[in-house]
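J.: Each chain, letter by letter, is given below.
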Amino acid sequence: MTGAPTASGEGGSSGTDSPAVPIHLRPARASDLPVLVPLLLRLKRLNEEFDPLLRVRDDAEAQALEVLRASLDDPKSIVLAAEGVGPDKDKVVGLVHAVLRERPFYTPEVEGVIVDIYLLPLYRRHGVGEYLLKEISAQLKAKGAGVVIAEFPSQNEIASRFYAKRGFRAITGRHARSL
Amino acid sequence: MGIRQLTNSWNDSGKVLIKAPSVNGFGMAESVPAPVDRGREPRRRTRAPRSASEDETQTDELGRRAVELSRFYGGKIETVPKVPVRSLQDFALWYTPGVAEVSRAIHADPDLSFDLTGRWNTIAIVTDGSRVLGLGDMGPEGALPVMEGKALLFRWLGGVDAVPLPIRAASPAAIIETVERIAPAFGAINLEDIASPKCFGILEELQKRLPIPVWHDDQLGTAAATIAGLLNALQLTDRSVKEIRTVLLGAGAANIATARLLFALGHDPGRLTLVDSRGILHAERSDVDELSVRNPWKYRLALRTNGGGRTGDLAAALAGADVLLAASTPGPNTIRPAHVRAMARGPIVFALANPVPEIWPQVARDAGAAIVATGRSDFPNQVNNSLVFPAVFRGVLDARARSIPDEIVLAAARELARHAADRGLSEEHLLPTMQETEVFPHVAAAVADAAVRQGIAQRRLSHDEYLHRAETQMARSRQLVKALVGSHLIPPMPRAAPPTSRRRTR
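Those protein sequence lines, which keep their order, are chains A and R.
If you read the first sequence in my numbering, its first letter stands for residue 1, the second for the next number, and so on.
If you read the second sequence in my numbering, its first letter stands for residue 1, the second for the next number, and so on.
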């Protein structure tokens with residue numbers, strides 16, 4: 001599940017090479033994993049704030065490593081590392097994780113699902129969210145996705161507002177209860 | 001003659017003097033704690049710290065006595081009339097049928113409720129009892145004696161009729177809704193002892209929704225007194241608020257508000273570091289995303305402060321700092337001498353935890369602190385919210401202000417600071433003491449002036465007129481109590497029972 005890539009989603013980026021955006025995106029590498037895992041855990045712990053059914057497991061760190069490692073090797077997944085610029089060049093400050101899924105009953109036949117977006121708080125705003133969304137959407141489209149889907153906790157109102165402002169709408173819901 | 005002309009004085013309007021003190025006047029019958037908030041201890045100018053066991057003994061003794069007296073007097077306040085009742089015939093004026101015309105007039109113009117009833121001088125002290133003193137969640141009933149005490153202070157020091165209103169409210173939304181519903185009866189609202197961080201959202205929302213002033217004393221009262229003391233401490237040590245590096249220890253209601261006021265005074269956010277139980281608050285701390293959901297006020301400070309990117313504990317934060325404002329865990333070893341020694345030369349240390357400051361004043365001085373303030377009356381430089389809230393409410397009620405923006409809070413702080421400075425600043429005289437009651441009308445007038453400048457005063461008077469009204473109303477309160485005590489309508493305090501025969505009531 002993704003978080004809101006920006007706190008408010010305000011501002012706008014002109015695209016992948018906008019000089020106003022204080023980050024740089026590149027494909028993640030295996031060597032990034034020690035940095036990416038804590039960032040992914042931060043996102044999962046944030047999700048935990050929204051619902052007790054999203055309580056983070058004790059072995060979440062190991063799971064995060066496994067999931068990201070598998071995605072790096074999977075042609076149907078995309079993992080991007082966000083690096084700072086200027087003094088923060090080479091510092092990984094966020095990640096974007098998306099997967100391609102078949103849609104056997106619907107068209108478009110392939111959907112690109114943004115499952116995780118996380119940026120350290122100081123790197124949010126300034127149009128960064130817009131930039132991340134455009135970039136991952138373009139890459140998912142290049143891999144054959146006809147629709148982009150964002151997953152995030154239903155109670156995350158900031159994420160809801162961010163995506164709604166950019167034309168996203170709820171098409172299916174996941175309703176849960178404990179057993 | 002219109003209705004407004006019929007009421008010759010807004011001081012006299014309304015019929016019921018709500019919640020007049022029913023206890024003895026302070027110090028009139030026997031020695032009791034000085035009239036300060038939070039049950040602070042009697043004023044004794046001494047630097048020698050008492051031992052912990054002496055503190056405990058004194059606190060126990062005061063507690064036992066408070067229970068005895070609460071039982072004897074049946075609480076601390078009561079409602080008494082403020083109009084003559086010569087015979088039952090007078091109720092044709094004060095009640096039906098005469099009052100119907102008053103009711104019709106207010107129905108036609110609700111603003112007349114400030115002229116024709118006691119609303120102009122009546123506030124509610126609202127709490128859910130979720131953070132009472134240092135006791136924690138005491139529930140609304142448990143909060144009632146504290147709110148009664150607060151009402152007594154409002155009356156005695158500010159001449160304000162204050163109604164204690166502990167409410168059973170399960171959520172911030174319930175508190176907000178309740179206060180919104182009761183607001184038509186009050187000229188202002190004082191929120192009290194509501195836990196952090198929900199207190200921030202409740203205050204913000206009520207300030208947006210209500211056309212009357214809303215104040216949360218745990219945030220604004222303490223912050224204003226802190227700022228007042230700090231302004232004079234900076235002057236004494238030849239520092240500017242725009243250049244200092246400040247550490248706030250504790251991230252509760254008072255320090256979050258203090259940070260905001262410091263920024264309003266021009267303090268560089270990057271030169272302020274906040275430290276809580278998890279160490280230095282910074283933008284990459286592991287709990288910062290949780291804060292964005294649970295405590296957005298603290299989250300915003302995490303992003304905005306600590307420009308040097310410091311991480312670690314209090315010691316790391318304090319290295320080279322000019323000012324330490326601690327409102328955290330009672331000491332005396334929360335702050336250690338080594339912490340003070342690590343600060344810049346001649347640092348300013350405010351150790352405001354009660355009942356025991358984070359560091360004893362003399363220990364801080366021995367470690368190099370140029371100026372030390374605490375929350376206690378038995379040390380010099382007591383930072384006391386009771387210096388602030390009675391006068392602020394007097395001022396906003398007299399100006400019939402629509403709100404209490406930060407500019408008004410700062411005006412109160414500046415006036416407090418000025419008053420102390422006029423009497424000569426020293427390392428042991430940063431702030432007026434509670435005995436300097438003449439400061440209250442001056443702060444009230446400064447608050448009312450600020451409301452006029454902010455364009456939120458619905459009763460615009462000159463400074464001297466505001467000052468005169470405040471002096472009159474405050475003096476009247478004390479005269480009233482003295483008269484009731486002198487006539488024995490408020491009975492003298494009974495002698496304390498000998499310790500051996502006392503019954504522990506809780």
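These are calculated hints, taken from the structure and not from any lab test.
Any given hint could be a false lead.
[Stated by the list, open to error] Derived pair list, reagent style DSBU-like, types lysine-lysine, alpha-carbon separation capped at 35 Å:
no.: 1; chain 1: A; residue 1: Lys89; chain 2: A; residue 2: Lys141
no.: 2; chain 1: R; residue 1: Lys242; chain 2: R; residue 2: Lys198
no.: 3; chain 1: R; residue 1: Lys208; chain 2: R; residue 2: Lys242
no.: 4; chain 1: A; residue 1: Lys91; chain 2: A; residue 2: Lys141
no.: 5; chain 1: A; residue 1: Lys165; chain 2: R; residue 2: Lys198
no.: 6; chain 1: A; residue 1: Lys76; chain 2: A; residue 2: Lys89
no.: 7; chain 1: A; residue 1: Lys91; chain 2: R; residue 2: Lys482
no.: 8; chain 1: A; residue 1: Lys76; chain 2: A; residue 2: Lys91
no.: 9; chain 1: A; residue 1: Lys89; chain 2: R; residue 2: Lys242
no.: 10; chain 1: A; residue 1: Lys76; chain 2: A; residue 2: Lys134
no.: 11; chain 1: A; residue 1: Lys165; chain 2: R; residue 2: Lys208
no.: 12; chain 1: R; residue 1: Lys82; chain 2: R; residue 2: Lys482
Computed from a prediction, not measured in an experiment: that's the story for all the values here.
J.: Now tell me if each hint is right for this structure.
T.: Here is how each hint holds up against the structure:
1. Lys89(A) to Lys141(A): With a Cα-Cα distance of about 28 Å, the restraint between Lys89(A) and Lys141(A) holds, given a limit of 35 Å.
2. Lys242(R) to Lys198(R): 31 Å, holds
3. Lys208(R) to Lys242(R): Answer holds: Lys208(R) to Lys242(R) is near 30 Å, not above 35 Å.
4. Lys91(A) to Lys141(A): 28 Å, holds
5. Lys165(A) to Lys198(R): 29 Å, holds
6. Lys76(A) to Lys89(A): Holds - the C-alpha atoms of Lys89(A) and Lys76(A) are around 29 Å apart, at most 35 Å.
7. Lys91(A) to Lys482(R): Not satisfied, since the Cα-Cα distance of roughly 70 Å exceeds 35 Å.
8. Lys76(A) to Lys91(A): The given pair, whose Cα atoms are some 26 Å apart, holds under the 35 Å limit.
9. Lys89(A) to Lys242(R): Status holds; Cα separation ~31 Å.
10. Lys76(A) to Lys134(A): 18 Å, holds
11. Lys165(A) to Lys208(R): 26 Å, holds
12. Lys82(R) to Lys482(R): 16 Å, holds
Of the numbered hints given earlier, the model fails hint 7 alone.
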